[in-house]
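There are 2 protein chains.
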Amino acid sequence: MTSIRLYDLHARDDRRPSPFCWRAKYALAHKGLPFETVPVALTDIPAVAGGTHKTVPILEDRGKTVSDSWAIADYLDQEYPDRPWLFGSPAERALCQFVETSLVASVARPILLSYLKDVYDCVLDQDRDYFRQSREKLIGCTLEELASGRAERIEAARAGLDSVRLALKGGAPFLSGAHPGYADYIAAGFLLWIAVVATAPLLKGDDPLLPWLARVQDLYGGLGRAVSLRAMVA
Amino acid sequence: MTSIRLYDLHARDDRRPSPFCWRAKYALAHKGLPFETVPVALTDIPAVAGGTHKTVPILEDRGKTVSDSWAIADYLDQEYPDRPWLFGSPAERALCQFVETSLVASVARPILLSYLKDVYDCVLDQDRDYFRQSREKLIGCTLEELASGRAERIEAARAGLDSVRLALKGGAPFLSGAHPGYADYIAAGFLLWIAVVATAPLLKGDDPLLPWLARVQDLYGGLGRAVSLRAMVA
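These protein sequence lines are chains R and E, in that order.
Per my numbering: the first sequence ends with 234, consecutive numbering throughout.
Per my numbering: the second sequence ends with 1234, consecutive numbering throughout.
Honestly, the hints are just simulated from the structure, not real lab data.
To give an idea of the interface, some chain R residues facing chain E are shown, with a C-beta separation under 8 Å as derived from the structure: (1) P90; (2) S102; (3) S176; (4) G177; (5) A178; (6) G181.
In the DSS-like style, the derived pairs of lysine-lysine whose C-alpha atoms are separated by at most 25 Å in a straight line are: (7) E/K1031 x E/K1064; (8) R/K169 x E/K1054; (9) R/K64 x R/K54; (10) R/K137 x R/K54; (11) R/K54 x E/K1169; (12) E/K1204 x E/K1169.
The beta-carbon is built from N, C-alpha and C at its ideal position, and this holds for glycine as well.
Sequences and hints are given; from them, build the entire structure.
Below, the structure written as structure tokens:
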């Protein structure tokens, strides 16, 4: 049972910044499946797990290899139907995809642009040149130029989380209702990603998101508790 | 069976602008329940259906009265469990609430501010003074002042729909997946609301939302087909 391995993006000081790997770790924990993470450098991804994958997470289970967080979640529901469902119905899965696209548009994009230099400062030495070149090509300026205008973008990212705040205002402990679910792992993954690298606060200390985020961190024996929120909260 | 009545916000030329009434009408149709709508003026709401409700939709069914679109959906699932579920699970309901809060933050707020004067121009004569006074108090300026700066807000509302566009990019015909569901009715309700009153286009003619919106309009014998999208699409 302990043979499940998850390749997890590795950064300086054993930080684990990938939001998609966080989702996959929570998905495994939700299913109650023991697993070990295998830290992997960004530039080493093409060399691991058979060498056919370009991104992490990558799951290895009983001789099978699955990459992409959605494919991993589907695999787990399919292979382990006797354990708690990640998606209790096709509609639930579709609605979780809406949660993702909504948060990508309102949160992940402004977050990424606000904290890209912070991410760079945390990547392993072997990844630095690749990270800078590939990202600067994408954004059309240097990481330092991008970082210089980030105050406004951090405001936008903070405002973009309003949908999560409003949803929690209904009183349920989780975005998925009384029980945590994949929508919570998607949203929390985006925040843990930034908490791991942030050098400027994204949230204010009285943000109504924080009790929810703490609840998600505490799940499954404290899976997300190792991530300190100190640098992300003003 | 035809005794179900739904009080539906009434505007000039028999327009039905309320996004929340649209949701309730789709919820009834989803359950396969015949119903008749009772058009009601904004200022008449306190006088109908027992006189204890401040907003529409209000549902009357077998001597019971239910207002609020979420309460109506819950009532229908509870009273008619042998018909297609609006919420197949508590998690589905919670995720639909996230869809709502996400669209309120990104779409409904900028839409409302962009088209408030258009809504005013459509309300019944008896509602005009009340509408102007109550809304101007809320926004802190006149409806005309608000309307003068709307070009930028329409852009924001159009961009705010990116989460819906991205979700549909996955290839499913509906936000709820292969079959239409409450999330579709929430999102389409916001658009039908504006289509009914718009004097300036919200969407471009090649917007990838439009085929989805047409699919929702065509559901249940063409429930939303009476709404022309002409004024809303450039």
